[in-house]
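Visitor: Add chain B to chain A, keeping to what the hints say.
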Amino acid sequence: MASNGPKLLPAAQLDALFDALQRRGYAVVGPRLRDGAIVYDELKSMADLPIGWHDRQGPGRYRVEAGGDRALFGYTVGPQSWKKYLFPPHETLWRGQRGENGFAIEPPPPPPRRAFIGVRACELQAIAVQDRVFTGGAAVDSRYAARRKEIFTVAVNCGVAGATCFCVSMNSGPRASRGFDLALTELLDAQRHDLLVEAGSDAGAEVLAELDAPSAAQADHSQADALVAATAASMGRQLDTTEIRALLYGNAESPRWKAVAERCVSCGNCTSVCPTCFCSDVQDVTSLDGSTTERERTWASCFTQSFTHMAGGSARVSTSSRYRHWLTHKLAGWIDQFGTSGCVGCGRCITWCPPGIDLTEEIAALRADAEKP
Amino acid sequence: MNADGSDPWVPQPWRVRDLRRDTSDVFSMQMAPLEGVAPPFKPGQFNMLYQFGQGEVAISISGHAPDGGILHTVRAVGAVTRVLEQIAPGTVLGVRGPFGNGWPVEELRGHDVVIVAGGLGLAPLRPLIEWLALHRADYGRVDIIYGARKPADLLYPTDIARWQRDCNIRMRVTVDNASPGWPGEIGAVTHLVPSIDLDPAKTLAVVCGPEVMMRFTVLALQQEGMEQSAIYLSMERHMQCAVGYCGHCFYGPHFICRDGPVFRFDRLHGGLIVPEL
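As given, the protein sequences belong to chains A and B, one line each in that order.
Per this note's numbering, the first sequence starts with residue 1, numbered consecutively.
Per this note's numbering, the second sequence starts with residue 1, numbered consecutively.
This is chain A alone, in the form it adopts within the complex (with noise of 0.2 Å):
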């Protein structure tokens, strides 16, 4: 008999599941292994899964190594998020024509139809965020809203935790609790390895309804909780929140600012990892003899002397500024934008900071020196 009720896949017949998305038109995308870091890319089957790797990750350092076994999501996150589908780094957003009248105007063809596999509970996080940058105001994005309309999500409950995580910390992880349409909880050991599949939406009850796999048991339910509980205590990093709009506003001019602006090489890369960053540049590229011309949306970011320049010259000029005003904006300002902190607790751009440096460590010595008599 067919169930929507939670599911026991053994981790072998994982095809099953890219079957049944393919088969509704979905391009299945996911984690795989690329130039020596797990990326999100179009996958074929399950084979293109980074099957047996893990990562190791730090400040300022990211490593990927086989760890002997069959683990399919055996890692946390790497360098990109889902961003780059929803929110692409490069986009058209429309093309125009010299006319008669002008210019005329026409949209961009519509987006395909994605599947997310292998997305984390801190990436739906992520993922609820910029919906409520880009739908959630009075000027909805129209390109961003079709992409979105169009994705089936598959998560993942995280098995470890890597050394630069702390979505417990955020309240967004480590298990996937809603804006998800499947669940997966992988089962490993000496025993088995399985998948527990959960539905979170009908899209996803759906789908679940044609795996032909048996209703799981209890036990599997505690395996999985007691995995996800080890995962939430192994957290690499916390970070405090408390009062934490007091605390960035209360404190623009703490000389902890011009110390960690010794650090940072304004290079841009947190914004571009951060998987709610959404800032960006809008120009227009013109044709030779000027006939047509496409307005093109690139990811943008804070840490350039460019993003603030009006007739007058930058309104942030100094390295210092620029990280007060992304971690202010990432950690409060967001607070009052969107009602949710911009932070999902990824720690993404911890490990891609070349120099290293660590939010959760910015926001403890800001509260220590706040808090000193």
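What the hints contain is simulated information worked out from the structure, not anything from laboratory work.
Careful, some of the hints might be misleading.
Which chain A residues face chain B? A few, computed with CB under 8 Å, are given here [to be verified]: (1) 9; (2) 23; (3) 142; (4) 279; (5) 302; (6) 307.
Note that the Cβ used here is the ideal one computed from N, Cα and C, for glycine as well.
Guide: Just chain B, lined up with the frame of chain A:
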């Protein structure tokens, strides 16, 4: 999508009907949509003006123009505005907008109003002044202090004459560098604030100009007994999207484009004191 179903990213075609030079580097364009009339705007709002193939700039709305058009006053200072300066009347530009919140015309009702403008800051204030002139009986005393770098940089001379002559508006004009024969004041706008003899109990102030000018104008108004909550100013930041996605105009927790550009001073994050916010 905008509330009306249109896409906030897509410019609508407008024709420039008239372009005239105000000063050596400032010009004003009268423009109107190819179809229909300009959408209603609130004094203090802005549009994104687009020259095909060149790019887009945020320009405040400076007033109505004949036959359902609007007026934009622009300083030729960047890549796009220097191109706009050269276009011929009849050119079709793209327009997105209007955006932003605008001046608090309702809050000002029943109050004495002090308007302080620095340089091109008079451009977004012009529709407010015209509003006050049109609904003059709804407002108390209206005083304008307007400062420019030099006499040749003063905008809207015929309007200024009309406001004083026909609209019961008192106006003080000052320049940083006078030329021979200049009959007006010399020096910063802040020096003229005490001469208004304002009554802080019933006065609201609106300020627009360079940030440093606004900062010191606020101080001068406070010296006259005004509360921070009685002072409004219009902020400027780099803008690209105008609807709160692109992030360039962040100022603390504010999107200048969406939450502003007009802010009540006590609600403006940081109070213009912390540099590089």
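Visitor: Which hints from the list above does the structure break, by number from lowest to highest?
Guide: Violated: hints 1 and 2.
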